[in-house]
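Now for the letters of each chain:
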Amino acid sequence: MREIVRVNMATGAISKEPLPAAWARYGGRALTSALVFKEVPADADPLGPDNKLIIAPGLLGGTAAPNGGRISIGAKSPLTGGIKESNSGGTAAHALGKMGIAAIIIEGVPADKTVSYVLRLFPDGMIDLVARHDLKGLGTYETVAVAKGIEAAEHRFSDKASFITIGPTGEMGMKSAGIAMTDPHGYPNRFAGRGGLGAVMGSKGLKLIAIFEEGLKGTEHADKEAFTAAVRKFANALTTHAVTGTALPTYGTNVLANIINEAGGYPTRNFSSGQFEGVEGISGETMREITLERGGNVKHGCHTGCVIQCSRYYVDKDGHYMTKGPEYESAWSLGANCGISDMDTVAALDRKCGDIGIDTIEAGVMLGVYMASGKIAFGDGPAALAALDEIGKGTELGKILGDGAEATGLAFGVKNIPVVKHQGLPAYDPRPIQGIGVTYATSTMGADHTAGYTITSNVLAVGGTVDPLKPEGQAALSQGLQIATAMLDSLGFCIFVAFAVLDMPEAFEAIHEMAAAHTGEAWDADALMQLGKETLTYERLFNEHAGFTNADDRLPKFFLEEKLAPHDVVFTVTDEELDSVYAFVPEVAAQLGIK
Amino acid sequence: MPDPTVTVRMFGALHTLRKERGLSTVADVVIPVEGLTATDLAELLDLPLDLIEGVFCNRTVYPMRHHIAPGDRVAFVPKGTPGPHRFFLGLYAAGKEEGEG
Ligand code: SF4
Numbered sequence: 001m002r003e004i005v006r007v008n009m010a011t012g013a014i015s016k017e018p019l020p021a022a023w024a025r026y027g028g029r030a031l032t033s034a035l036v037f038k039e040v041p042a043d044a045d046p047l048g049p050d051n052k053l054i055i056a057p058g059l060l061g062g063t064a065a066p067n068g069g070r071i072s073i074g075a076k077s078p079l080t081g082g083i084k085e086s087n088s089g090g091t092a093a094h095a096l097g098k099m100g101i102a103a104i105i106i107e108g109v110p111a112d113k114t115v116s117y118v119l120r121l122f123p124d125g126m127i128d129l130v131a132r133h134d135l136k137g138l139g140t141y142e143t144v145a146v147a148k149g150i151e152a153a154e155h156r157f158s159d160k161a162s163f164i165t166i167g168p169t170g171e172m173g174m175k176s177a178g179i180a181m182t183d184p185h186g187y188p189n190r191f192a193g194r195g196g197l198g199a200v201m202g203s204k205g206l207k208l209i210a211i212f213e214e215g216l217k218g219t220e221h222a223d224k225e226a227f228t229a230a231v232r233k234f235a236n237a238l239t240t241h242a243v244t245g246t247a248l249p250t251y252g253t254n255v256l257a258n259i260i261n262e263a264g265g266y267p268t269r270n271f272s273s274g275q276f277e278g279v280e281g282i283s284g285e286t287m288r289e290i291t292l293e294r295g296g297n298v299k300h301g302c303h304t305g306c307v308i309q310c311s312r313y314y315v316d317k318d319g320h321y322m323t324k325g326p327e328y329e330s331a332w333s334l335g336a337n338c339g340i341s342d343m344d345t346v347a348a349l350d351r352k353c354g355d356i357g358i359d360t361i362e363a364g365v366m367l368g369v370y371m372a373s374g375k376i377a378f379g380d381g382p383a384a385l386a387a388l389d390e391i392g393k394g395t396e397l398g399k400i401l402g403d404g405a406e407a408t409g410l411a412f413g414v415k416n417i418p419v420v421k422h423q424g425l426p427a428y429d430p431r432p433i434q435g436i437g438v439t440y441a442t443s444t445m446g447a448d449h450t451a452g453y454t455i456t457s458n459v460l461a462v463g464g465t466v467d468p469l470k471p472e473g474q475a476a477l478s479q480g481l482q483i484a485t486a487m488l489d490s491l492g493f494c495i496f497v498a499f500a501v502l503d504m505p506e507a508f509e510a511i512h513e514m515a516a517a518h519t520g521e522a523w524d525a526d527a528l529m530q531l532g533k534e535t536l537t538y539e540r541l542f543n544e545h546a547g548f549t550n551a552d553d554r555l556p557k558f559f560l561e562e563k564l565a566p567h568d569v570v571f572t573v574t575d576e577e578l579d580s581v582y583a584f585v586p587e588v589a590a591q592l593g594i595k
Numbered sequence: 001m002p003d004p005t006v007t008v009r010m011f012g013a014l015h016t017l018r019k020e021r022g023l024s025t026v027a028d029v030v031i032p033v034e035g036l037t038a039t040d041l042a043e044l045l046d047l048p049l050d051l052i053e054g055v056f057c058n059r060t061v062y063p064m065r066h067h068i069a070p071g072d073r074v075a076f077v078p079k080g081t082p083g084p085h086r087f088f089l090g091l092y093a094a095g096k097e098e099g100e101g
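Protein chains in written order, with our numbering: chain W, 1 to 595; chain Z, 1 to 101.
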């Protein structure tokens, strides 16, 4: 039986309770969203005592399910004012899964704001909360280094430890602050970045969560043999498919840069053009060449059990680790969106964001807006780094910039601020790629690229026929994508498994076979999609209670009015179509008995 | 008489392949005035067809049977583009149609 761990930061009390039977199928995003819906008042102050930070491994966390080690973190978002789930790789999910922990709920706020707390979970089931004065204000890398030193001195640390931490921006309550997770090499370079969750963790006085997993065994399965067979089937699909078997491991996600640029949908200089003349310098192909030349690592998994291995390390000219090889979204936001075409500059910005603990997408969108204000010039890497320094130090200017793109745009009078539900748009312009515009507009998360990936056959039928420049069919496609993504996020799968599942029916079967063999319950394709729908229903209803209406499911006006070169198109999906995306919510809410 | 050349870009594995051959990843290719299919153009450049999923012609994705005309801007996309763009851009459909046309 999986358990929920409840930590009250006001009293220091830690308790365990069984996961409610009704939620036996929930993990990851389904669980964080169901818990936020049930336990957080929709009108709560996101940084106040009533908000709760929920951390949940996916349903298959702690098992050998290939690519099944994502961790979800949820709360009411200080950036969007709505519900937030942000998920990440790193080693923490499997560690928690092996401990039988379905979720950790961090609630309340401590009376003494000067102390940083560390929550420690040990393999024997012991959990404690300790006060530390030496971690306050440290960057994520230094926090982990200091923590490792302390734990080593107390003989608690071994390499088998996972850390979840925030940088100074989270402690200062900045709305672009994320939460960092350590990877298998102990670098805190995997992020639950979006929505300001780092500020929620900071408001709880919680600087670090340390999970020690030495000696822990994998979780038990209802049918071990069937689980092993399904794992084999799934791994085989992932390693033989063109996307997951070859392209992603070779170039990483940034292989998209040239492709999206060619499609005219690569937002450049604060979304003022759809193509960037300097794309070659920040492309996945260039990043691979530079990294190989300097002797860096170009292929590893962000957690054990990843068979795709899209991660890489970016190293400096002397071959020293700088940061995780920037993902497509980060290379875009800190590159093209700022008019910067030099990979070393992008990597330096990425490292700085990681260290001070802010979301690279929000940071790049913010910098684009700041540059559009004329305060610093597009293409000026040193000025962009200096701006991030201001954020890390928490200066007056830094506090504005650290609250993200919208706060920056409003403070400096910028006309075109690319946000939905107050969150910066990611790396695809919705004008020439209309489908992603539907997802941006309607996502329960605010503008979010990962809210809409896919696998199902009904989605494929639609996916085969839509024209990216036209509105027809986009709402249905986006709906299918959002449901499927919510499902994968709930099981704990990395989103990239979707591409193999798409072309190989046996891979989709393997997912419900793994779920069934692990839990002992009946799972099929419909049950998987129902999980996605239920997750979105909790999220949609929470947002409604928080005051969101259909009017919030809209793109900023300039996407509808200003044509984007080179296709010279505007976003044309109608409001009625946007409003159809969540048509399933009332029916699923009735099934769940919630309003 | 239109310019008989097309500019061709090559991405991902095709990018690497061209570099390994000591060639530029952007090529100006002279084609017949009546044009040719993307498949023929890829063969002209000695690109392995089994690595290609679709072709951009003037920034829109098409299957490999698409007709390329002089003056077009062309880019070959290898199999393996991740993300929802596989659907939103029509790459998935282009890859599926390949062989039918
Ligand atoms: S494919 Fe990439 S993101 Fe997914 S689990 Fe592996 S390394 Fe992590």
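To be clear, the hints were calculated from the coordinates, so they are not data collected in a lab.
Mixed in with the good hints, there may be bad ones.
[Stated by the list, open to error] Between beta-carbon pairs, the in silico distance windows are: (1) Phe412(W) x Thr37(Z): 37 to 43 Å; (2) Leu560(W) x Pro4(Z): 24 to 30 Å; (3) Ala27(Z) x Asp568(W): 57 to 63 Å; (4) Asp342(W) x Ser24(Z): 41 to 47 Å; (5) Gln591(W) x Leu45(Z): 51 to 57 Å; (6) Pro4(Z) x Glu293(W): 52 to 58 Å; (7) Thr239(W) x Leu45(Z): 53 to 59 Å; (8) Ala27(Z) x Gly319(W): 45 to 51 Å.
[Said to hold, decoys possible] Under the rule of at most 25 Å between Cα atoms (straight-line distance), these lysine-lysine pairs were calculated in the DSS-like manner: (9) Lys19(Z) x Lys470(W); (10) Lys160(W) x Lys148(W); (11) Lys470(W) x Lys299(W); (12) Lys79(Z) x Lys233(W); (13) Lys393(W) x Lys38(W); (14) Lys317(W) x Lys79(Z); (15) Lys299(W) x Lys233(W); (16) Lys19(Z) x Lys299(W); (17) Lys399(W) x Lys136(W); (18) Lys233(W) x Lys98(W); (19) Lys317(W) x Lys113(W); (20) Lys233(W) x Lys217(W).
Yeah, the Cβ is synthetic: ideal placement off N, Cα and C, and Gly gets one too.
Results for each hint:
| no. | hint | verdict |
| --- | --- | --- |
| 1 | Phe412(W) x Thr37(Z): 37 to 43 Å | violated, 51 Å |
| 2 | Leu560(W) x Pro4(Z): 24 to 30 Å | violated, 40 Å |
| 3 | Ala27(Z) x Asp568(W): 57 to 63 Å | violated, 27 Å |
| 4 | Asp342(W) x Ser24(Z): 41 to 47 Å | violated, 21 Å |
| 5 | Gln591(W) x Leu45(Z): 51 to 57 Å | holds, 55 Å |
| 6 | Pro4(Z) x Glu293(W): 52 to 58 Å | violated, 37 Å |
| 7 | Thr239(W) x Leu45(Z): 53 to 59 Å | violated, 29 Å |
| 8 | Ala27(Z) x Gly319(W): 45 to 51 Å | violated, 33 Å |
| 9 | Lys19(Z) x Lys470(W) | violated, 36 Å |
| 10 | Lys160(W) x Lys148(W) | holds, 11 Å |
| 11 | Lys470(W) x Lys299(W) | violated, 37 Å |
| 12 | Lys79(Z) x Lys233(W) | holds, 22 Å |
| 13 | Lys393(W) x Lys38(W) | violated, 37 Å |
| 14 | Lys317(W) x Lys79(Z) | violated, 32 Å |
| 15 | Lys299(W) x Lys233(W) | holds, 23 Å |
| 16 | Lys19(Z) x Lys299(W) | holds, 20 Å |
| 17 | Lys399(W) x Lys136(W) | holds, 18 Å |
| 18 | Lys233(W) x Lys98(W) | holds, 23 Å |
| 19 | Lys317(W) x Lys113(W) | violated, 41 Å |
| 20 | Lys233(W) x Lys217(W) | holds, 23 Å |
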